[in-house]
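**Student:** Those protein sequence lines, which keep their order, are chains R and P.
Numbering of the first sequence is given in UniProt numbering, commencing with residue 1 and proceeding in unit increments.
Numbering of the second sequence is given in UniProt numbering, commencing with residue 1 and proceeding in unit increments.
Don't read these hints as lab results, they were simulated from the structure.
Some hints here could point you the wrong way.
Think about it this way: if two alpha-carbon atoms lie no more than 30 Å apart in a straight line, the pair counts; the simulated DSBU-like pairs of lysine-lysine are [to be verified]: (1) R:Lys131 with R:Lys23; (2) R:Lys23 with R:Lys10; (3) R:Lys114 with P:Lys111; (4) P:Lys2 with P:Lys95; (5) P:Lys54 with R:Lys114; (6) R:Lys36 with R:Lys23; (7) R:Lys10 with R:Lys125; (8) R:Lys36 with R:Lys135; (9) P:Lys111 with R:Lys36; (10) P:Lys74 with P:Lys2; (11) R:Lys36 with R:Lys114; (12) P:Lys95 with R:Lys131; (13) R:Lys23 with P:Lys54; (14) R:Lys125 with R:Lys36; (15) R:Lys10 with P:Lys95; (16) R:Lys23 with P:Lys74; (17) P:Lys111 with P:Lys74; (18) R:Lys131 with R:Lys114; (19) P:Lys54 with R:Lys36; (20) R:Lys114 with R:Lys125; (21) R:Lys114 with R:Lys23; (22) P:Lys95 with R:Lys36; (23) R:Lys135 with P:Lys54; (24) P:Lys111 with P:Lys95; (25) P:Lys95 with P:Lys54; (26) R:Lys135 with R:Lys10; (27) P:Lys54 with P:Lys2; (28) P:Lys54 with P:Lys111; (29) R:Lys135 with R:Lys114; (30) P:Lys54 with P:Lys74.
Being a predicted model, the structure only gives us computed values, none of them experimental.
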Amino acid sequence: MSYELVFDVKRGDFDTAGEASRKIKRTLQQLGVSNKVIRKVSIAGYEGEMNLAIHSSGGRIVLQVGEEELVLTIEDVGPGIANIDLAMTAGWSTAGDEVRQMGFGAGMGLPNMKNNADSFEISSKIGEGTKIVMKFFV
Amino acid sequence: MKLSQVRDLLDAVVLSGESHLEEEVHSGFGCDLMSDVLCFAREDAILLTGLVNKQVLNTADMANMNSIIFVRDKMPSQEMIDMARERNLLVMSTKYILFESCGILYTNGLKGAHLR
Numbered sequence: 001m002s003y004e005l006v007f008d009v010k011r012g013d014f015d016t017a018g019e020a021s022r023k024i025k026r027t028l029q030q031l032g033v034s035n036k037v038i039r040k041v042s043i044a045g046y047e048g049e050m051n052l053a054i055h056s057s058g059g060r061i062v063l064q065v066g067e068e069e070l071v072l073t074i075e076d077v078g079p080g081i082a083n084i085d086l087a088m089t090a091g092w093s094t095a096g097d098e099v100r101q102m103g104f105g106a107g108m109g110l111p112n113m114k115n116n117a118d119s120f121e122i123s124s125k126i127g128e129g130t131k132i133v134m135k136f137f138v
Numbered sequence: 001m002k003l004s005q006v007r008d009l010l011d012a013v014v015l016s017g018e019s020h021l022e023e024e025v026h027s028g029f030g031c032d033l034m035s036d037v038l039c040f041a042r043e044d045a046i047l048l049t050g051l052v053n054k055q056v057l058n059t060a061d062m063a064n065m066n067s068i069i070f071v072r073d074k075m076p077s078q079e080m081i082d083m084a085r086e087r088n089l090l091v092m093s094t095k096y097i098l099f100e101s102c103g104i105l106y107t108n109g110l111k112g113a114h115l116r
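Pulled out of the complex, with its shape left as it was, chain P reads as follows (with noise of 0.2 Å):
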């Protein structure tokens, strides 16, 4: 589905990384453990999570995903928004919580990005 389904579906809010939303995602994969990230996330999927720092936007860049999904009503902070503006990451904030939100995505059509 399209980026911006995803913003649809889950009602979100776009942070930054507006022109990723007409590209194309297949997988996502919602952790609050930026470590499993990097050992088990697929490159190109969407990350779910609720935690909330640079580190998160570090591991997304690394791991070659560019679209992140702060969950629970979560919202970065400016200094954070201006760095994914700059890494040009789509960063979008929700209201649903990680199991609401992956499972809202999860039936309509994305699967889970696990690296095996």
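Isolated chain R (complex conformation) (with noise of 0.2 Å):
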């Protein structure tokens, strides 16, 4: 790996929710990678931003950026997901209203970063914490 990126994510600070994938974008962006990969890793990295704003005790996003593949790693400290195949169902959320009411919350993130990484891999145990590797080819 030629390059790292790394940003922390509080929880609940939604003011500040996506910026850490604003900077990842602008840093693609420089780095002169296509607009169809910029895309894919903007709304995976987004979503997975979101999530950890959303349902995570606090974590990390960490891009990796390689001469073939970039690597984005979302990882938390807890409270970890009990059932990941449920998780993993499109429509199904535990947020919140006030998470609802921003727009978010629908179930629709998991589902949506798988969609758009080339791989994604998802762990998870209670009471330590969720990790999220994903890899675009570029």
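Using the supplied hints, reconstruct the complex from the two chains, each of which is provided in its own coordinate frame.
**Tutor:** And the structure:
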């Protein structure tokens, strides 16, 4: 890997949520990555960033830029997902009213991340946290 | 059609991104659910919404949608307008409700921006 960006995301901070994804998008534009790939990474990264702000106790986003692929890792410190299959089901969400009023919490985040990435891996443990690793071929 | 024509058809007030007005647009997506915009909207389309918060700007920016129209006379805060200017997003506000706004634009040739 030739380049790495790390962003911390706080729980419930909807005022700054989206900043990390914006910086990732601008960085990829400066690096000359194709618009098609940038859009996929931006959408998946933003969905992940919103998930961290909505559901996690805090976490971070790491973008690794390589010659042939971009690796986006979304990792948090809890609370963990009890049933990953259920969480991956389109339309299923535990988000509250405040989040829904912002236009999110429709249960489309994880499926949309998977849909945009060329590879998608998720692992989670209750009480420890969730880790998502997405790869995008450039 | 040109974005300036969109402005005229919707009798809209332009709040930021005036330099985009001479650009062409071919499709639109009307929705208050940003999750669905991120899932189903095609890029380079106009986003019409009655939801007004910073995440609308983030959603449009990440989805490569450079123009946003707030319907039902909704007005973004000055902070949002500044954020839109910084990101070079065209933001307008119209008195029409979402249904009317979409109908007017569709009747005049704009297509639905459904990602298929």
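**Student:** When you check the alpha-carbon spacing of Lys10 of chain R and Lys95 of chain P, does it fall within 30 Å?
**Tutor:** Judged against 30 Å, a Cα distance of about 36 Å means the pair is violated.
**Student:** Need the status of pair Lys54 of chain P, Lys114 of chain R: alpha-carbon distance at most 30 Å?
**Tutor:** Holds: Lys54 of chain P and Lys114 of chain R sit about 25 Å apart, inside 30 Å.
**Student:** Decide if the proposed pair is consistent with the structure: Lys131 of chain R and Lys23 of chain R, CA atoms, cutoff 30 Å inclusive.
**Tutor:** holds (21 Å)
**Student:** Between Lys74 of chain P and Lys2 of chain P, does the CA-CA distance stay at or below 30 Å?
**Tutor:** holds (23 Å)
**Student:** Would you mind confirming whether the straight-line C-alpha gap from Lys23 of chain R to Lys74 of chain P stays at or under 30 Å?
**Tutor:** holds (28 Å)
**Student:** Between Lys114 of chain R and Lys111 of chain P, is the straight-line Cα distance small enough, at 30 Å or below?
**Tutor:** holds (28 Å)
**Student:** Are Lys131 of chain R and Lys114 of chain R close enough, with their CA atoms no more than 30 Å apart?
**Tutor:** Measuring from Cα to Cα gives roughly 13 Å; hence the hint holds.
**Student:** Taking only the CA atoms, is the gap from Lys114 of chain R to Lys23 of chain R under or equal to 30 Å?
**Tutor:** Holds, because 21 Å separates the two Cα atoms, which is no more than 30 Å.
**Student:** Straight-line Cα separation of Lys54 of chain P and Lys36 of chain R no greater than 30 Å?
**Tutor:** holds (24 Å)
**Student:** Given the hinted pair Lys36 of chain R and Lys114 of chain R, is their Cα-Cα distance within 30 Å?
**Tutor:** holds (16 Å)
**Student:** Are the Cα atoms of Lys135 of chain R and Lys10 of chain R separated by 30 Å or less?
**Tutor:** holds (24 Å)
**Student:** Given the hinted pair Lys114 of chain R and Lys125 of chain R, is their alpha-carbon gap at most 30 Å?
**Tutor:** holds (19 Å)
Comparing the model with each earlier hint shows violations of hints 12, 14, 15 and 22; every other hint is respected.
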